[in-house]
Structure formats: structure tokens, C-alpha cells
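Mind docking chain B on chain A? Use the hints.
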Amino acid sequence: MNQSRISALVATNVSKQVSLPSAPSASSDEKSLHILNDIQLNIQDGESIAIVGASGSGKSTLLGILAGLDLPTTGEVHFYDKAIQTLNEEQRAQIRRTEVGFIFQQFLLVPSLTALENVMLPAELSDDAELRNSAKQKAQQWLDKVGLSHRLDHFPNQLSGGEQQRVAIARAFITSPKLLFADEPSANLDTENGKLVEDLLFELNQKANTTLVLVTHDLELAERCQRKVLLTNGHLVEKPVVTNQDPTDQGSKSNAEKPLDMQVSEAITNAF
Amino acid sequence: MHSNSQLANQISKTKSSGAFFTWLKIAWRLFIRELGRGELTIIALSIILAVSSVMALSSVTDRVEQGIMSKSAAFIAADRDLQSAHPIDQLVIEKAIDLGLNTDKHIYFSSMAFAGDEMNITTVKAVTKSYPLRGELLISQDLISNKSTVKNGPSQGEVWLSKRLFYALSLDDTLLSSDTPPVIEVGELALNVTGIIESEPDAPFQVFDSGTRIIMNIDDVPATNVIQPGSRIFYRDLFAGSDSSLDELVKWLEPQLKPNQEIRDVKDGSTAMSSALTRAESFLMLAGVLGLLLAATAVAVATRLYSQRHFDSIAIFKTLGASTEQVRVVYLFQLVLITIFSVSVGIIIGSLIQSVAIEAMAGQLPSDLPPVGLKPLLIAIATGFVCALMFSIPSLLKLFSVPPLRVLRRNLGDNFATSIMAKIIMALTTVLLVLLYSQNLKLTGIVMAAGVVLVVVILLVSNVMIRLSRKIGTSVGGSAIKIALASLKRRASENTSQLIGFTLAIMLILILYSLENSIIKEWQQQLPEGTPNHFIINIAQHELDQVKQEFEQQEISLEQFYPIIRGRLTKINEEVLLQDDNNESAGKFTEGEGEQNREAEAETEEEKPEGRVGIGRELNLTYTELFPENNALIEGEWMVEGIPHQVSVEQRVAERLDIKLQDKLSFLIGAREVEVVVTSIRDVNWNSFQPNFFMIFSNDVVADFPATYITSFYIPKDQKLWVNKLVKQFPTLSVIDVEAMVQEIQKVIEQVSVSITFVLLVVVLAATLVLLAQVQSSLDERRKETVIYRTLGAKGSMIQNAITFEFLSLGAIAGLIAALVAEVSLYLLQSQMFNMDWVPHPDLWLIGPVSGAVFVALVGTISTRSLLKMTPSELIRQLS
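For the record, the sequence lines run as chains A and B.
Residue 272 is where the first sequence ends in the working numbering, and the numbering goes up by one at each step.
Residue 1152 is where the second sequence ends in the working numbering, and the numbering goes up by one at each step.
For reference, chain A alone in the conformation it holds in the complex:
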């Protein structure tokens, strides 16, 4: 890995616990649930990374923390040198507005706005006057890039799942974010549409040279990222993938030698 590149996102000793309101007799330790334990992660600028794990492994929690939607219980997250946990909600929102894009499993378009208006939204919320003023034009361009120039005035419920996700992709790119978070972007789509969306995502990402953090349980999709980490029982295991271009990369823990898909299937088995 190129050490001269700057870090886009660094997580140091990140843990997340949630307290359980029930079981009054339990000790304080038992009362809380450890979702993430001592996570270390360094994501380089321009890198694409997949966080892989079974459901319930804490993937979404980690994504939330990395994206500044949530705060870790302990530990630190630095976003291009800014310590996210020291910022207030307004300041974190400001970062999201200017430098982060999102793509979700459930698409999460505003149901009462048209495709065009949904894509315009982040630009209009922007602090950059130029971007605000060119919001419509830019949105049209991006919708064109995702192949939806004929669907500008359709509401989300008039679009298919694949189309909705393409609108979401256009929305994510319109502010030219430095970092893009994608949470199971194709999980709600059929194979064909899923593939289409994935292709689009990677293609645009490459063109824009955006740092991509992808959360998925889909190993095939994970394979398309430059780097993969496995989240299992709240622990992060960084693992060179079998088909890795760089087999010498480190990966020291006990099951380091196992291929990633085996680890995932184990993790999934454990989860049940």
C-alpha cells in the first residue's frame, strides 16, 4: 500500500456498547451489550474498502460511527484529521453535507420529491453557493450518467428498486464527496439490477476517485473492493483476500490463513 497517501478515515480503539434496560439484577457489565470491540481501521484517501460480516456482526453500527452518524463509546475516529467525536452534531452534519455521500440498502429517497429533486437536495443543502445555484443542472447531469434522464419527474414510488438506487447513487455523487459510504447497496435488488447498480457504483467511484467504504455480506461484491475487512463478533479482522493482488500484505491473527469466504461462513454459522 502506498504509505505516502493520506488517511481519509482512521478509527482507533473504537468500541461501542449499548446498555440494556432490562435485567435489573444483572451487574453493570452484564447490563450492556458490546457491539464493537477495540476496532482499528485506517482507510486511505481514494481507497475502496469492503467491511464484510454476517448480519448482527455490527457492520451497520461501525458504518454509523465511521460516517459520523453515531459516536463510539470509547476510541477515536478521525476524518481527514478532524476528530469526529469532538465535534457536535451540527459540525458533523457540516462534514456530511460537504464531504460525504451515502447509498443505503433501502434507497432512502424522500418519497414526496421527484427523482430530480431528490438528487438536487444535497446540492441545495450545501454551503457552496455555486453548487446550490447549479443544483438542477448538476442533478440532471448525474441522472443522465445513471441512465435516468427520462425519469426526472417521477416520484420514488413510481420507480423500480433498481431505478431508485440509481437515483440514490446520483444523489450521493452530486456534491463530489471525498468519501462515499454504501450500505448493502444491492441487497434489496434482484441479481440483474443489483449487478447494474454495483457496476455503476464502481464505475462512477473510479472516475471520481472517491474513497469508498462498502458494507456488505455479499462476498462477490466485496471482492470488487481493493481491500476487505471482516467484522465478526464485534472484532475487526483485516485479511488479504485469497485472490488478493498483494498476497504479502499482513494479516496475523489466528484464522489469517483461511480464505475470507470461509471466515464469513464461519462467522455466519457462529451467529446462529
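Hints listed in this document are in silico derivations from the structure and should not be mistaken for laboratory results.
Each residue gets a CB set at the ideal place from its N, CA and C atoms; glycine is no exception.
Incorrect hints may have been included.
To be verified - Below are the BS3-like pairs computed for lysine-lysine, each with C-alpha atoms no more than 25 Å apart in a straight line:
(1) A:178 with A:82
(2) A:138 with B:297
(3) A:136 with B:297
As the list claims (entries may be wrong) - To give a feel for the contact side, a few chain A residues facing chain B, derived at Cβ under 10 Å:
(4) 64
(5) 120
(6) 135
(7) 155
Chain B in isolation, oriented as in the chain A frame:
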């Protein structure tokens, strides 16, 4: 950290006007889109309802009230008057004219009227040309045809006579409109008789007056030379005009009032008219307030639904980096747009409703209704904005606090509790609205007390019921019932708020329904069909049997005959009463309201320190062993056997003179002093159009005194001429026709009843919308459940039954609580606001639960029917 200051800079940059404008643009876009897609329907509807019902209610009640007030103002022929036993300073009239009021001046006195050889004692009313300021004066030119014309006061040299006087003076009515009209002399002045008084708005209703009356011009009075020092004269200044000027005049007058001067308005006193009006006013105000509360509830429910439906959008906004400020601006502005839109539509609909209502009630309403004022419009607009903004605060606060993380954890924020602060804001707003609308502390207090009772009872009951349903649920068979009970239990907290909405709606209807019932019933009881419309007085002892026979032949039923003896109350328990002669003049000539409680009212309330002041004039005493109809025994026993010389005293006189049971009263009757013991105290219904008395003796006291008799009777219009025959046959009899007055009162009551029923209708509509909004707000949740049940293969009919059963039981519970709280509120309202006697309302306890169950089940089932028509896949698509 350097980045923080950079951030601060950037954030402050966003506050530039360009950015702000963009946010407003987003809000506008959201508003247009959501409005077009029907997502704002419920919230818009509820604001529209709030505005249109408040607008319709307040403009209709305003107009009806104004109409009725001006109509009833006719009863004193003015809006206000100043009565005095002394001449009134000219300054008063000047001040009134300065204030832009119309004025009139009356002098009342007794005099002999001469026409050739005939003469008769007569009551003179001297008026200005502007008489009457309110109401109609009808003057006819002959005795038979009943053709009359509307007139203002007579010119100088002119005089109009009552029919009785016309007959008594044996004048020729064919000469009335001729060039040589009949002439009568009043004192030293000769006046031309140019008309017969057919109807005066402020006709006196004095049973003990002879009914021989004249109306002349006030400027002719000096020339009569009748008024001498020591004459008994009664003066009246009359005013009409705008409320504000009238209030100002009264404020100016009050501090300088002399003893024996009194300012009156239409609502003073306890006449049938005034109490009907006060009741109607209170009722309309209460209905308005309840309508307002319902509308506010609808808005609160609808904004909650609105907020629930926007949780995701807010989370998306925040995830995309919208600041709290941006979110607030966008959504508050959207709310403002919704409010402006809904208020405008509400005003249009409200004015339509009110004009349709006025049109529909045209037959029952006064023809000369004043135009709609600005007030209802302003109240409606204010209500719309206050309701929409204040009642949506709790929901909006919740909405604004939805964390962006909701995009990942989908139910985050669902269960945020409404903050105590928000609840306090809502409660305060409600109090403020009610206070502003009613401007009545008592009513506000009652509404608040009822509100507290309502909430406490509901929290208790819903807790118990839901626990109970859990127990029953496990033991009862039938899957529909099981699902319904499970569903009730699961949505416990939501159901509690639903229950509050349902209960409130049902309760308010119950309250208004009962009040409407009892008010209208009481009015009808007060003046039922066949209420006596004539009084007959001065029946001599020897004529009694003959008169009775005449009536029997004519098949007209008579009320009881009461003998009348004049006497003066001199002592109470040997304490000699002061006789204040000034009281007398005020008492004797007070004219106007047309009720026989004149005597009671005109007495001064003051008690002089030296001792009790007597009634100040001769009273009409009677004796009977028969308890008079329309009286109620308050204390003691009616004519106790074995006690000689008893008297029964009217309650208000007893109170004023501090007369207790067993007190000994002395009366001077003729030259003889009579001592009687008080054995009962009666409440007298002075509005009953029957002879009423302050003092009723037992037969043994005054039976040997010479007496004349009085009675009242009802005679249909077409038999009226018979009365003239009767009077010819018994020339000493006096017949007083009060038909016009009874009809006026009945008409006003009818008008008020109609408007009250209309108001009830509007409130029922409002309540229905609250129910609808309430059901709508649970629809999303129900959709999810229906999907699960349908996917698992549940039959549509079973789900339908479950929903129906759930609503049935919710409605029944709500109805039961509503009945309970309505009963409490009715107790407070009837005893505190309406001066009515509270009686339990057993019907409510049946009507409440039954109508509640049916009403809620109907509304609920109909509005959820669409869920069952959809296939599970359609439902799922709607969910996502």
C-alpha cells in the same frame, strides 16, 4: 483544532440570504409535492375544520346574538336606559349625543283624561319623536280592522290612546283620521286623538294597572300643568347605538348615579327574555369553545400523524448533512405554508357554511340581521395559526430530534416521549384559546377542571381495561376477538391517546346534547302552548260566578281566581319598618320589560343602618288554600293545619327583608292591623304569565275584607273578539292582552333553539373529524399488521372482524368515560354557568357507550376497509 474554526466560518456562511432562500424553496417544493400527493390531507383538513368551524360558529352565533339582542332590545325600546324617580340632568342626554348615540326621553305620570262628559284615570307616557329607538310602535286608525302602521313618537298636539281608554272615554273611531279628530284633555291641555296604540315595544305589563294609557309628546307635558311638586313622576332616558359607546356612557354614568336611579340593559333582571338570552349566550359560547377544543384536538392528532410520517425524511435530510437549523427552517416553513393554505380554505368554507346556515334558518331569524363583522374572521384566523403552530410543537420537536442514525436503525425515534415542556405548552395554549374565545374565567375553569378529570380517568381506565383485556384475551375463544384484544394491548400507549381523542369527541357531543335538551325543554316548559295570553282583573265579588259561567260557556279554561286586597307591611316581629316613599315612585311606574316581577325588581337593595326598610308601598295581597301553580316551596309547609293567621312569603322578599319562618308580620289593611305568622317561603316563577304574589294569606286572615279578583287565561286569536263582548258585559273588568309579548318571547326562544341545534351539528362534524384523524394516525401501524396477518393467510373477514371489534370496544370504553366526565362537567356547567338545577343524566350512561361504540366502529371500519381490499404485495409496496 484549526478545523473547528474553519467549520464555524463555513456554517456562518450558510446563513447568507441565498442559502436561506434555497431552504425556503425546498420547503415550498415539499409543500406543493406533498399537497398534490395527498400527504397533507389530514393535517390540512383538521386546520380547515378548526378555522371553518370557529368561523361559522362565531359568525353565526355573533349574528344570531346581535339579531336577538337588538330584537330583545325592543323590550325596553332601547339598548340601555336610565330610570329615575327624579328629573334626569340634561347633561346625560348631551353626553350620549356626544358619544354618537341615539337618544329618547320619557316621562311617566298618572292623570285624569277627559273627553266631554267621560273621564278616566290614565297612565301617561310622554316620549320624544325618536321613540322607539328599538322595536316597533304600531298605531291603528280604527278599532276593528287591526290595520296598523309603524310610527315614531307623536308630534306635539297629538295623542294616542290604548283601546281600553278609547272605550272608556266612549270615543268615535271613525273620526280618527278625519280633519276633526276626537279631542281629550290631559290636565289643562287639549290634544287631538290621532291613533290607537296597537303595540308598543316597551309595553308595560302591569297586571294591577288598569290598562288605560296614552302616549303623547314630551314637549306637551309642561302645558298640561299636571306635574306639580310632590307629583309622582317617573323619568327615563333611553339610548341606542354601538356597544363601545354604550359601555362608555355607562362607565361615565355609574359613578354619578343617585339613589333611585338605575341603568338597565336588555339582559338585566330575571325576566323570561333576559334569562333565555343569557342562557343562549352561554350555550353558544360554550359550544364555540368546545368546537374550538375539538378542532385543536384534531390539529394535535393530525400533526402527530404528520410528524410520524416525516421521521424518515428528516433522517435522510440530516444524513445528507442538513443542519438542525436547515431542518427547522424547511419544516416550519412548510407548516406555515400548510397553515396559510388551510386557513384560507377554512375561511372560504366557513363563510359558505355560515351563509348557508343563515339562509336555512332564515325563517327563524330576525329579518334585519346585521352583516358579518370582522371579529369572527379574526378569531378564525388566529385560531388557525395558534392551533397549527402551538399544537404541532410537541410533534415537531419530536420530528426535529429524529437522529440521522435512523437511516441505519429504522425504528430509532419511534418511541420518543413527548416532553413535559411540550405538554405544558399545549395545556397553556388550550387555556389561552378558551380564555380568549370565551373571555370568561368561570367557563375556562370548568373546561380545565373537566380536562383534568378526563385525563386522569382515562389514564386509570385505560390501564385497567388493557390489563383486563389481556386476561380475558387468553381465556376467550375466537381468533378475531383474540387478535383485537392483542392489538388493544400492544398499542397501549397509542390507544391511550386515541382514547383521549375519542372520549373528548364523544364527551363534548354528550355535554352539548344534554344542555341543548335541558335548555330547550326548560324554555318550552316556561312558555308552553296555551300559556295564558290575557289577564283579567278587577272582578268584583258579586260578578265572580257570572264571569266563571261566561268562560265555561265559551269553553275557555281559566287559571285560579285570586282575591286581591291592598295592604302595607308595617312590622316584622314588632320591629317597625321604615317606609321610604321614594322607593314607591320608582316601583310603581317602572315600565318596560313586560314582566310582573317589576315589583320585586324596583325595590332598592340598600338597607339603611337605622333599620329594615319596608316595601314602601301597598302590596297586592291574596289568600288561598290552594298552592299556586309554578311556585315551589322552599322552606316550611304550605298552610299548616291548626295554625291561625298564616302567611307564605316569596323568597326574594323574604331574603331582602330577612324574614324567617315563624316570624310575625304585621300588615295595615285599610284601617285595620293584621298579624300573621310565616309558615312557608316560596320560589315564584315570575315568567309564568300567571298571577303571582309576594304574600299569600290563609283564608282566615282577610276573607272578610272586600276584594276584587284576578285571573289569567289563554284564548286563541280567532276568539279574541269575545273578550270585547265580555268587557262590555262587565264594564268594570280590565282585560290585559299579553299575547304579543308571549309570542315575541316564544319566537326568540325558537330562534335561539334553532341556532343551538345548528351549533350542535357543527360540533358533531368536528368530532367526527377528530375520530377520523385519530383512526388515520393508526393506519400505518395497522397496515404493517394486516400485511403480516394476510401473508400468514388470515381471512379478510377475520381481520375485518378484529378491527371492528377493536374499535367497538375502544368506542364503548371512550363512551363510558365520556358519560362520566360529561356528567361531572354538566354538574359544573349547570350549577355554575347556567344557573340551572343539576339533575343526574341517566340517559348519558346509555347513549355514551352505545353511540361511542357504533360511531367509532363505523368510522374506524370504513376508513380501514381499504387495507383489506389490497393484496399483501400491494400493502408491502406501500410500506416500503
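Holds or violated: is there a CB of chain B closer than 10 Å to the CB of residue 64 of chain A? Status holds, d = 5 Å.
Hint consistency between residue 136 of chain A and residue 297 of chain B [alpha-carbon to alpha-carbon, up to 25 Å]: Holds - the C-alpha atoms of residue 297 of chain B and residue 136 of chain A are around 13 Å apart, at most 25 Å.
Are residue 120 of chain A and chain B close enough, Cβ to Cβ, to be under 10 Å, as the hint says? Holds, because the Cβ-Cβ distance from residue 120 of chain A to chain B comes to roughly 9 Å (cut-off 10 Å).
Against chain B, is residue 135 of chain A within 10 Å by beta-carbon distance? holds, 8 Å
When you check the alpha-carbon spacing of residue 138 of chain A and residue 297 of chain B, does it fall within 25 Å? holds, 17 Å
Holds or violated: residue 178 of chain A to residue 82 of chain A, with C-alpha atoms at most 25 Å apart: Cα-Cα ~14 Å, so holds.
Go through the hint on residue 155 of chain A and say holds or violated, using the shortest Cβ distance to chain B against 10 Å. With Cβ-Cβ at 7 Å, under 10 Å, it holds.
Checked against the numbered hints listed earlier, the structure breaks none of them; every hint is satisfied.
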